[in-house]
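Participant: These protein sequence lines are chains A and B, in that order. Just so we're aligned, residue 425 is where the first sequence starts under this note's numbering, counting upward by one. Just so we're aligned, residue 709 is where the second sequence starts under this note's numbering, counting upward by one.
Quick caveat, the hints were computed from the structure, so don't treat them as lab data. As the structure is a prediction and not an experimental result, all values here were calculated from the model. One thing to keep in mind: the hints can contain errors.
Interface residues of chain B toward chain A, partial, derived using beta-carbon atoms under 10 Å [to be verified]: (1) 857; (2) 862; (3) 863; (4) 865; (5) 870; (6) 876; (7) 878; (8) 879; (9) 884; (10) 886; (11) 888; (12) 909; (13) 910.
We put the CB at the ideal spot given by N, CA and C, even for glycine.
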Amino acid sequence: MMLLVGERLSIAFGGVHALEDVSLAVAAGELVGLIGPNGAGKTTLLRLLTGILAPDAGRVLFEGRDVTRMPIHRRAQRGFALTHQIVRPFRDMTLAENVMMAAAGEVTRRPWRALAAVDARRARERAMALLARLGIADAADKPARHVPLGYLKRMQAARALALEPRLLLLDEPLAGLNAAEAARFADLIVELNAGGITILLVEHNLGEVTRIARRLLVLHNGSLLAEGEPRAVMARGDVRGAYLGAEADTGTAAHA
Amino acid sequence: MSEGNRWTTTLSVATFAALNVILAIGLNLISGFCGQVSLGHAAFYGLGAYAAALASVAGVPFPLAILGGVLVAGAFGIVVGFAALRVREDFLAIVTMGVGFLFLGVVRKQPWLGAEMGIAKIPSPLDKWGYAALAIGAAAALVLLSLHVRRSWMGRAFGAVAQDEDAARAIGIDVAGYKIAAFFIGTAAAGLAGGIYAHMTQLIIPDTFNFIQSITILAMVVIGGIGSTYGVVVGAILLTLMPELFRFINDYKLLVYGALLLAVMRFSPGGLAGLVQRAFGVRLA
Chain A
425 MMLLVGERLS IAFGGVHALE DVSLAVAAGE LVGLIGPNGA GKTTLLRLLT
475 GILAPDAGRV LFEGRDVTRM PIHRRAQRGF ALTHQIVRPF RDMTLAENVM
525 MAAAGEVTRR PWRALAAVDA RRARERAMAL LARLGIADAA DKPARHVPLG
575 YLKRMQAARA LALEPRLLLL DEPLAGLNAA EAARFADLIV ELNAGGITIL
625 LVEHNLGEVT RIARRLLVLH NGSLLAEGEP RAVMARGDVR GAYLGAEADT
675 GTAAHA
Chain B
709 MSEGNRWTTT LSVATFAALN VILAIGLNLI SGFCGQVSLG HAAFYGLGAY
759 AAALASVAGV PFPLAILGGV LVAGAFGIVV GFAALRVRED FLAIVTMGVG
809 FLFLGVVRKQ PWLGAEMGIA KIPSPLDKWG YAALAIGAAA ALVLLSLHVR
859 RSWMGRAFGA VAQDEDAARA IGIDVAGYKI AAFFIGTAAA GLAGGIYAHM
909 TQLIIPDTFN FIQSITILAM VVIGGIGSTY GVVVGAILLT LMPELFRFIN
959 DYKLLVYGAL LLAVMRFSPG GLAGLVQRAF GVRLA
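Produce the complete structure using the sequences and hints provided.
Facilitator: Right under this line is the structure:
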């Protein structure tokens, strides 16, 4: 079954077509990489899929249901989670409290119900289990403002997992991490996928994304340029051309 | 001053302090807990006062008139809450300030609201002691509610909304719903204070609910320590007593409160509650 479908998505900003007629589908259980040079429209596509932006044309289906106009929080409640490219912790909360906020989704769904609920033990238990799973339980009670980026990235993943998502959209989860941290985080993504979560990964680190993704989508100039098995896709002349033409950082592309 | 007079004065100051505690706790729920700036809180105080006064003059029993004030203020609070969904921070400050001026502008011109003369001869079913007990009881209830909200999941969700709306949405929190809930509770509280005030004084005029009043309530919250229930209570009581002790402040309210606001923001952004935390390491709820 197709878990996520983008159907002929188009959007323009001030007459400039950021995305034109882009269609994609992610099947349940897949780990798909979405790549493309800077300015290709990856972030815009992600924003359309998650509902931060509404498309000028086309629609987004999640589990076969049209969610194009559904508010972000409602999608999250239905199992459609995303992490932001730039980590967005609740800075005045501890890492555990950050994850608890997501773990208590049932309680916080209705404000009036939330007013009647004080007990946080269950949410705390779940949060601690997730933090342990991501290897950052040692910092559970540290305020988010005082922990390093690697921890925040993992916390953000834990927070998304607390929603018990069926689909996880990761926006450049490896950005800002060093090579060793990136490799470890990439392994974690594989592990989550093996655990049954479908993942769509937007990533600049081509080495890691071709290593872990089983299918690649390449976006270029606002349309889908290529799609398929990672190594085959990266071997294509037009894909290489897109990267070589658009990016000074040719080392990464050639290396991949 | 005779002994009796002094008692009467003390009683009326205590009643006003309690009303200010209600107003400040309500604003703190909106601004301190949920992070939504409001520079028009006095308008909801006024809405409650006018609605309750009109109801009482029309013969509605006192408790129902008070309830009417609460509901009218809360209903308009929901409307402003919807506005808060569209704009953030500085713009929300301007919008809420506008709400305050809009309220005054309408009330001043409408004959059925008494225009500049306000509403007089409001029935007064209680004596001074009765109003003092009612106001202090209501303030105590609001303090308890505020402490409970802070401990509840509603308070946690308010915190998430205040700190990062987008991140809150991404984890399934109904940001709009929580903002509207905060505005409703906070403005309904102001309406309660307004209803009690109107019956106690038996006369209300538009100017009581002007911009200076909004800034005064904001000053109570900020000086006490935005986000801290106990801090805000102390702030409200202090700022009620100050003009009583130093009469000249009455003429320079905006100047004095403005200076105090600046001083707090510059030297102790956490207000008095923040000072206590720094001095004793205790975090006030």
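Participant: Would you mind marking each hint as holding or not holding in the structure?
Facilitator: Against the structure, the hints:
1. 857: 7 Å, holds
2. 862: Holds - the Cβ of residue 862 of chain B comes within 10 Å of chain A, reaching about 4 Å at its closest.
3. 863: 8 Å, holds
4. 865: Holds, because the Cβ-Cβ distance from residue 865 of chain B to chain A comes to roughly 5 Å (cut-off 10 Å).
5. 870: The hint holds - residue 870 of chain B has a Cβ within 10 Å of chain A, the shortest such distance being about 9 Å.
6. 876: 8 Å, holds
7. 878: 6 Å, holds
8. 879: Check passed: Cβ of residue 879 of chain B comes within 4 Å of chain A, closer than 10 Å.
9. 884: 8 Å, holds
10. 886: It holds, given that the least Cβ distance between residue 886 of chain B and chain A is near 5 Å, below 10 Å.
11. 888: 8 Å, holds
12. 909: The hint is violated - residue 909 of chain B has no Cβ within 10 Å of chain A, the shortest such distance being about 33 Å.
13. 910: 35 Å, violated
Checked against the numbered hints given earlier, this structure breaks hints 12 and 13; the rest are met.
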